[in-house]
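Asker: All chains should be modelled from the sequences, with the hints used to inform the complete structure.
Below, each chain spelled out in residue letters.
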Amino acid sequence: MKKKIRNILLRSCALVVCFILMAGMTASADTPYKTYTIDGYGYVLETQSAYNPLAAITKVGETSFVNPVDMAISKEGNLYIADAGAHVILVSNLKGEQVGMIGEGILQTPTGVYVAEDGTVYVADKDAKKVFVFDKQGNLTAEYGKPTSPIYGNSMDFKPSKVVANKTGTMYIICEGNMNGIVQLSPVEGGSFLGYFGTNYTSLSPFQMLQRLILTDAQRAQMLSNIPSTPTNLHIDDTGLIYTVTQGDQDMSLKKLNIAGKNLLDSDPYWADLPAAVTTGQYHNILVADSDGYIYEYNEEGELLFMFGGRDDGRQRIGLCNKVEAIAVDDNDRIYLLDSDKKQIHVFEPTEFTNLLHESLYLFSKGQYTASKEPLSKVLQMNSMFYYANQAMGHAYLQEENYDEALKYFRLAKSFDGYSDAFWEVRNIWIRNYLVYAVAAIILVIAAYKGAKKVYIAKHGSVEKVDITHRSDLGAQLRYCLHFMRHPMDGCYGVKREGKASWACANILLAAFILISIIEKYFSGFLVKNVREGRYDILTDIGSVLIIFIGLTLCNYLVVTINEGEGFFKELYCAYAYCLTPFIVIKPFVILISNVLTYNEVFLIPFANIVVWVWMLVLILLTLKEINNFTVKETAKALAITAFTVLILSLLVCIIYVLFSQVIDFVVTVIREVVYRIGS
Amino acid sequence: MEAKKKTVKKRILGVIILAVLILLAAICYYLFTNSGKKDGLEFGQIQQTLPEPAAALSNGTTDTSKTLEGHTLVAENDLYELYLYEPALSIIVRNKSTGAVMESTIRDNEKLANVNETWKGFLQSGVVVELQEETNTIQKKIGLEASGASVTVDQIPGGFHAKIDYTAQELGFELEVKLYDDGSITAYIPENSIYENAANKKIGNIYLFPLLGHTRLGEVDGYMFVPDGNGALIYLDDKEGRFDSGYVQKVYSSDIGVGESYVLSLLWDKYETHNDAEQVLAPVFGMVHTKDRIGYLAVIESGEEEASIYATPNGAYSEYNWVTASFRKCATYIQPTSNSGGSVTKVTDRIGYDIKIRYLFVDGEEADYAGLAKRYREYLIEKGELTQKEDEFKVRLDFLGMDVENWMMWKKAVPVTTVDNIREIYADLEAAGVTDILTQYKGWQDGGIYDIPVMSVDVDDSIGGKKELLKLMEESEKKGIDFYLYTDAIRANPETGNTTFDTVKKMDKRLYEEQNYKNVYDTFVFWTPQKSYDNLVKLENSLKKNNINNLALSGISNTLFTYTLGDLMQTRSVSKYLYEQALAKLDEDMTLLLESPAACYWSYTKAMTDMPVADSDYIYTDQSVPFLSIALKGLVPMYGDYVNFEANEKEYFLKLVETGIYPSFYLTWEDPSDLIYTNSSDVYSSEYNVYRDQIIDYYKELKEVNEAVNGSFIIGHKAMDNGLTVVTYDNGVSIYINYSESDITADGVTVPALAYQIVAGGVR
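Quick note, the sequences are listed as chains A and B, same order. To convert, note that position 519 of the first sequence is 519 in our numbering; the numbers rise steadily by one, no gaps. To convert, note that position 724 of the second sequence is 724 in our numbering; the numbers rise steadily by one, no gaps.
Keep in mind the hints are simulated off the structure, nothing from the lab. Cβ atoms here follow ideal geometry from the backbone N, Cα and C, with glycine treated the same way. Treat each hint with caution, since some may be false.
Quick list of simulated restraints, FRET-style, between CB atoms [claimed, not checked]:
1. B:219 with A:177: 48 to 58 Å
2. B:18 with A:551: 40 to 50 Å
3. A:543 with B:523: 37 to 47 Å
4. A:179 with B:219: 50 to 60 Å
5. A:654 with B:478: 52 to 62 Å
6. B:39 with A:43: 30 to 40 Å
7. B:39 with A:663: 36 to 46 Å
8. A:118 with B:217: 53 to 63 Å
Answerer: Right, dumping it as structure tokens:
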């Protein structure tokens, strides 16, 4: 608590200080860039500006930048800028006033700079092939050249481009041209090589694997080599976790590595295309700068919070960059972005919106869920679709054991795991409260039924079993489907010979099938549903079922008629409609159950689905065989030809569609051209 | 027999073909004759007379032997003297009481030792021409003395008349400069004095007194004023070479017709990430020397639609700070000659228009940006461009009715605010005390907000239909709510209407297409101004038939372009002229509301919507100032951008207090997540239930502020270094706004952090 108060005090002091520094500057209402976030379904959507451009540092004191390529911020709030062109590290305060210069006459091409907590400065120098260490005053205290260890490799060059160091002084160095990973160097004995760290791996696509199998060695040698990319940049946070970004790595361009080199982040579709630098803020938020000027902010799990910024195409507005090389965050959450092309440092200031979000991130990480609800609800008021806020709100309520509210927010966030947990609790409470009554009610119902039956029998003698095998009205036909389902061969005979089926009955079954499939699609439990909430597209659903069913039946009929099958179209149509019965009978129960399941029992649903579909498949195969009086061989043949026919038919439809649209296009173009010629 | 049948058949076939051909011809003719006004307009037809300033011409006797730094006195009045150095047409304006001067060229050659010849010519001439040779895309600047141009000066009452002949380039024009008693100076180049005799040499751009009031490095205290957004300043301090270019912006939007293209970069090839910079709404710029207490506001009175405003800080090109306007007289464009990328560069004909700038000089207490803004207000009133309008505080609540999303092969309506919803919202707000409301209803028409153009009152059924809407409008009128139907008057949607004719073709005769990277409709085209005019007339008739008198328009209010009609080039002046005609016609019996209108249409709008509160944050601008607000507050109501989309709500609220701009909200009844698949997917936060309390709070607080100053003008504005801003009104009320995070006490007034304080007159 004490610490927290101090923290807040410090922060507010810093705020006052910086306000005096930046006085006279008011943030503009309209930023030069848009800000995006994602909603629960992962759709990218615009949101309020997360950071507003504040200022641009174009010079440090009297010194202009020559070729600035890296930047670090010290705990004291000084910027250390590695200028490869001027061969020095420039030290400036956050206003852009020079406070020092490091490495004059020592450094050749400083490309990476890192400032440790105690003020020790580590510089990676590509051309000197060394890592230099300076103390707080700027005196050279150590330098490390190529490791002598044989494990490092004699032929491997040592061209350090970026460097960070942990609290014990162990250095993590990205070396140009070294694909093995990050070089881990201990400061003892003038730099002993500890091994490689955080190596990227390549993956082979199935096509590449096939190529490797088929091609000769000579051919393979000609192919592009599949070498893992070296990380582009890295960062170390207070807890010693290492963050790397890699260009050209499609799936995993951002990694958060623990001390063992294990990546703690999951793959995510919202990585930067050309990540250039990474840093972390004081809320464990991760910030990645794209070389093209985009900035991505993630929470500690690597879930996207914001992305904003963009390239400057001659607009000359603060906040747009051309070639970003480094990113840093100060204690006031301001972002500093180094642009080596424009030779400027752009400063961004968090907006009220982002401050709220950061506050909630902070509280959330401290486990103060209840307190985090207030800023979160303000964030949600400003943008109700904000994925992270909804999810965090859900977690907060879950921790508070307010499961109903948690359920609501998890549902908004489409956070399935969270929803499942919350629902388990809700269900548990329900069961605890009502199980006795429910069981009692069921027993009562059964007893009442039995009692009624007894009374009935006492009055009328025994219950007559309705015999439907000899009736053929619609009701009987409908009931016959239950029989068909269990005895398909017998059922097919009934359909073919005994008039157990009619167009009306088949159509009713088909309609029932459509109805249930629609209900399944839209009213299944949240956890098993695949469609977007609140979106209905019923005509498409009906249409697709009808087209598939009728199309398949038609194709099948065409095929069997030329294969000496005995079935007529009506018979096939009706029998196939009867084949849908398992779906109609079983699915309603599955749908009902899916609404009360959590992820713990959800395996029941796919299991039930497999049963239904296998059953239907068996029925269809038997129907095909029985109605046409085929042998097994003939059935297989008819099936294969049907598949082929379907393929041809769909191809035909496609061709006709394409041709037709071409014709229409042509006619429209001609008319437009004529009209245009006359008109102008 | 058989043969006969054949010939009969052939004849029938022939007749059928003939009939089809005739029918086709008839259709074509019909379309042709119905495709709007086809006649292009030329300079002579749209020429407007330029009124003289109201003040008297300073044509008293002047002592022409009096000189100042090699310049001779040519005109004077009680306040100012005008000196001229003939060979370079260099002028000096001297304030008689303080002796402060503003010079228009650099006469000291030593100071230009490091400058190349081209820039030297620019810095040393009162008039500079950029020469368009052949089809070169780079235009050469030519000054007066060095290029050997001949200058003949005649004294005329109140000033001088100069005939400038660039003999080597075989072109020239005449310039007239006059001083008036109110301290204003006009500079005028009439179109009909311009001649270009050489076939391959044309005037590209003209600069008039580009260095007027210039300063060197940080030698003089002061700032340049540019009309970026609400207004911005560039300080005259030593920039230490930080910038290699300065502010350049075309007045009234960029020109889509001559393809000022830039490479667009999209995030993940899908998302447009840039917001456009603020437009120049008023054709003004200024220079103030704060220590010498002299300054001027330049108003471009004619030719503003072809002007670009330049403000260049020291370090970019030279050591001097200068602000000016350039006037485009011809432009180059790329004419594609094949689909595979072949192209040639072409030059347009001369763009015909008069050039006239009026420099309004200020001194003493008035020599600051607030003084410039006041001077601009007086100017607008004098010119009759703006009369004081009814200015009651109102909150703007815009509603989005419906948009459409793709659905199978059709479009499906996504209604988000129906007429009934609006009624309910009004009732709810009325109960909470919010009664003064202005509303624009967007997306009311059949087919939704992007089914444009709208030519008749055809209301979409999904929001309640026409009868209901008319009823609501009637009710609103009774309640005193200003209810406007909104539409874009410039854009056309090729998917919902026939856009074969009358759409804008750029100078290269290719159709102009606006890409917006949205889900449903990704491309829009522009109507020609002629067709926009026709569409608006049709809409007006339909509105009148339904007794609707309120119309809100966007697009037309701040977009101008060069285009081709047949083979004729139609200039931005033509678009401006036709739009003005259309607005004037509508204004006769209707009340118009224009979205961030350009200065030339200010007299037609009842209020300004989407007024910027700040500037675009260019790297070289130092301070954002509410220039337009100071000029217009009390004259015409202003409504800001939508509060929903502001990330810094507190700061934005204080900005509204400071600038006197009224708040705006964009509302929907339904959750805006419904809109995710529509073109309105950028509306991410708009649900009424979310904003209800905020609307009520804003309304109550801002109503109080604005009632304290209702009908008054702003006479002073000061932004202090500690984050305190003081705005003073002419009724004695001062508003102290504290943008800092700590309480501030000034003039005996304590203002809490991030808050404001109204101080009535005399309390000080």
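Asker: Please go over all the hints and tell whether each is borne out by the structure.
Answerer: For each hint, the structure was consulted:
| no. | hint | verdict |
| --- | --- | --- |
| 1 | B:219 with A:177: 48 to 58 Å | holds, 52 Å |
| 2 | B:18 with A:551: 40 to 50 Å | holds, 45 Å |
| 3 | A:543 with B:523: 37 to 47 Å | violated, 29 Å |
| 4 | A:179 with B:219: 50 to 60 Å | holds, 57 Å |
| 5 | A:654 with B:478: 52 to 62 Å | holds, 60 Å |
| 6 | B:39 with A:43: 30 to 40 Å | violated, 49 Å |
| 7 | B:39 with A:663: 36 to 46 Å | holds, 38 Å |
| 8 | A:118 with B:217: 53 to 63 Å | violated, 43 Å |
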